[in-house]
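**Student:** Spelled out, the chains give:
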Amino acid sequence: MKKVLEIKNLVKNYGTRGFQSRVLKGIDLTIYQHDFIAVMGPSGSGKTTLLNLLSTIDKPTQGSVFLDGTDITRCSNTQLSQIRKDKIGFIFQDYNLLDTMTLQDNIALPLSLNGVSSKECIQKTKKLAEMFGLREHLSKYPYQLSGGQKQRGATCRALISDPEIIFADEPTGALDSKSSRDLLECLKMVNDNGQATIVMVTHDAFSASYAKDVYILSDGMIKCKLTKGSDRKEFYDRIIDMQASMGSDFS
Amino acid sequence: MSMLKLAFQNFKSSFKSYLSLIISLSFTTMILCNFMNLVDSGILNQLGESNARNVAVIIQVLSFVIGCFMLFFVWYSTNVFLTKRKREIGIYVFMGLTNQRIGKLYAIETIFIGLTSLILGIGFGALTSQLFMMILMRISEITVEIHFQFSLQSGITTALIFSGIYLLFVIKGYINIVRSSVLDMVSANRQNEYVKQRKILLVFKAIAGVIILVLGYYMAIKEAGIEVMGNVFIAVVLVVAGTYLLFGGLIPLIFQSLAAHKRFLYKRERNLWINNVVFRIRKNYRTYAMVCVLMLCSVTALAFGFAMKNRYDGIVHFENTYTFQVISDASGYRQEFASLIEKNNDIDVSSDIEILTIDSGNTDNPYAMPYALLAYSQVKKVAEDTGMDFDLPEPGDEEFISLNRLYLMSLTNDLVEEIDTINRQDYRSIASTDTPYLGYMQENMDYMIVNDRVYDELQIYGQKMHLYNYKITDASHFETSVKDIQSSEHCLGLVKIDPEREEIAWIKILYSVSIFMFMVFVFAGGCILFMKLYNDAFEEKERYAILLKLGISKKSLKRSIADELLFAYVTPLVVMSISSYFSVKALGNVMHTSLLSVNIVSVLVIVIFFVICYLLSLVIYRKNVGI
Ligand SMILES: Nc1ncnc2c1ncn2[C@@H]1O[C@H](COP(=O)(O)OP(=O)(O)OP(=O)(O)O)[C@@H](O)[C@H]1O
Ligand SMILES: [Mg+2]
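Listed in order, the protein sequences are those of chains Y and C.
Each residue of the first sequence is one higher than the last, beginning at 1 in my numbering.
Each residue of the second sequence is one higher than the last, beginning at 1001 in my numbering.
Okay, chain Y solo, but in the shape it has when bound (with noise of 0.2 Å):
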């Protein structure tokens, strides 16, 4: 199967030197295409840092990820950013669309930016639209949708310019249960069609149970790795479980 991501050895500080806090204690992590990766961890466990290092938002202190082959660790900010634009989808807790468009141009416009003509971003918008239930609401502004529209929007801008990889930090952290699951559904949905590969943060075990591989970190470091067997409600009675195991300061 092919790697999309490998994580050595990582490593980040916080502060400046005297007052330095280790954040991430050396991680190791690989990814491959198709999986769908939860990561949990407490508060303050580094779930955001560790995904902003992935996602080149931010830069390691040691250690290397490797995205698609090349080292982001090295890449100067140009080339980062062309990698954001090519190869990474971002899904935000605060959903991050923009409100001066409708939803269908705040979905086409990765797209549109890339250079892609006019017809095909209209056509793979009104698709995706189409899979995530949004069809009668593209002409809609952000501030005309449900949190969940909003979320399930972000998720067809993330998809749109079909991304190696797709970062997702807590995207259901900001809705209600129903909400919740269907987003979750949909990207269950895309990653079983094969249309992407998928790392999220959540500290919710039943967000995590939709994932295939669940990690759980903490204290900087990644404590066990849990895999989903053929249920999804078993998958979330052991995820419980680990999070009872370790101890009262798991939220």
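Treat the hints as calculated values from the structure; they're not laboratory data.
Built from N, CA and C at the ideal position, the CB exists for glycine as well.
Worth double-checking, as some hints may not be accurate.
[To be verified] When the alpha-carbon atoms are kept at most 25 Å apart in a straight line, the in silico DMTMM-like pairs for lysine to aspartate or glutamate are as follows:
no.: 1; chain 1: C; residue 1: K1549; chain 2: Y; residue 2: D241
no.: 2; chain 1: C; residue 1: K1541; chain 2: Y; residue 2: D99
no.: 3; chain 1: Y; residue 1: K85; chain 2: C; residue 2: E1443
no.: 4; chain 1: C; residue 1: K1555; chain 2: Y; residue 2: E120
no.: 5; chain 1: Y; residue 1: K124; chain 2: Y; residue 2: D58
no.: 6; chain 1: C; residue 1: K1554; chain 2: Y; residue 2: D182
no.: 7; chain 1: C; residue 1: K1555; chain 2: Y; residue 2: D58
no.: 8; chain 1: C; residue 1: K1199; chain 2: Y; residue 2: D99
no.: 9; chain 1: C; residue 1: K1262; chain 2: Y; residue 2: D162
[To be verified] Computed footprint of chain Y on chain C, listed as stretches where at least three residues anywhere in the stretch have a Cβ under 8 Å from a Cβ of chain Y:
no.: 10; stretch: 1273-1281
no.: 11; stretch: 1545-1551
Since the structure of chain Y is already known, use the hints to place chain C with the ligands on it.
**Tutor:** Frame of chain Y; chain C with the ligands shown alone:
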């Protein structure tokens, strides 16, 4: 902590973001101060009494215009500032401050800004007053002695005017804050209002705007007699209203349609910047319209100055056609006067002509000036003698050609057909000319050129006199011949032209002042757009942060910003250029000159200045949004 201290701290910590406001406020103060000083300093008295009086009137009118402009400008900038500050100091609501106290905080802070601007403005005004006068006089080609002179009086007047206007808007802001609800304050930045506007409304506004604008253009250049002033006034109102409707209707309509047209929209950066324009225009259209009107004023002011200058030069040239004009009772003395003049001077050209004045009793309006008649062949002879152009057709028996002076300004923009009646016989004017065949004598009277037969017939109804005209080689030596000419018994009257006299020098000041006003207005227009974009950039910051997070390259964001800002500068410029063509043409009609070249040059100057502003905005905008 006391309110005063808190306000001062706020002022200090965000001084940088107030900078554009302070600079523009102090700039207007400086201009006003300079103008006030020009009158108060007494330098104008060197121009002679009547000129000084005229210039003082002009400058007072201009000070009034600048005062109005200041009112407008302060209103605008404090408004922009208020929305921005409301958001920032709105946070104090959470700290339990009442609206009154927040309002007070705002007022004190704003007063700090006003005071700083005032002090800077008057300070720089005093420093630049001499430079200002020097430049003004240089452009006017007037030599006066300039020494550093700043009258305290003008400083105080300026301060009073500025403080009055400024306080008015501080109080307005205070009331606004006190009256606003808590929600208003906290969510002043959540303008998640309707982005799109109702199409029907836009279509209506667009159509109305275009119609009103076209109507305004038509009124401006429509030929009319004495009612031209009324027409111009209506045209001004229509053009201003039309411009506002255009920016409020047509332009949003166009951009909304573009944004709805996805095949067009999804091409590179268009998706970003066109949507941004649609989003922004709702709030910004007044600014664009205002800048447009301001630029229009500036171009028209400049054209006016140039037209006046043209006329002035024309009049000077006109009056200097001859050095001496001798009025005599008999013909045939041209040589005699010539030899008298040649005692001390050389004659360049000379001519003579007979003038027939018809008594008012024989005309249709006995109370008016008597009519003065010239014979066609004699005028032709004058033209031959002096080398002036002559392409007038010979009038028929009931026709005449009117020979006019050059008008500085006339109140009509077309030549109404004239009919004069002499001895119950109507004569119809078939043409008119302002070639100075009669030199200075043409200044005070209009002449009718009739054919020789008619001239002979009418001789019995009036008196004849003879005019001998001479232009000498060195006109400044004219004094040396005056006595000689007057020694002749046939000299009933003598007109002598001093080439150095400055009877109407105030027009030259008007001219330079108009150039100056042009620059001020253009500068102000550029400033307003710049300020608007500067503030918008802060609101856009978050959006650009999102776009960067999404991995959109800085290069495409820069391109999108470039396009968006280009729109902000180009649209007012284009609308203004079109409107200016009509306003300048209207002016040219009234002044009977073509001002197209002035129009083109002034638009080009604005374009150049706007390009500079645009590039500056681009840099600042990028910096403010963090790209
Ligand atoms: N820019 C920064 N400078 C200094 N320390 C930071 C910075 N960002 C994060 N940290 C610290 O690093 C640690 C990990 O932060 P991180 O945001 O990765 O946690 P998280 O796992 O995402 O937590 P949560 O579930 O609450 O979002 C925290 O202790 C935090 O204080
Ligand atoms: Mg986090």
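**Student:** Determine for every hint whether it applies to the structure shown.
**Tutor:** Hints, verified against the model:
| no. | hint | result |
| --- | --- | --- |
| 1 | C:K1549 to Y:D241 | violated (35 Å) |
| 2 | C:K1541 to Y:D99 | holds (13 Å) |
| 3 | Y:K85 to C:E1443 | violated (78 Å) |
| 4 | C:K1555 to Y:E120 | holds (23 Å) |
| 5 | Y:K124 to Y:D58 | violated (31 Å) |
| 6 | C:K1554 to Y:D182 | violated (34 Å) |
| 7 | C:K1555 to Y:D58 | holds (20 Å) |
| 8 | C:K1199 to Y:D99 | holds (20 Å) |
| 9 | C:K1262 to Y:D162 | holds (21 Å) |
| 10 | 1273-1281 | holds (count 4) |
| 11 | 1545-1551 | holds (count 5) |
In summary, the numbered hints that this structure violates are 1, 3, 5 and 6.
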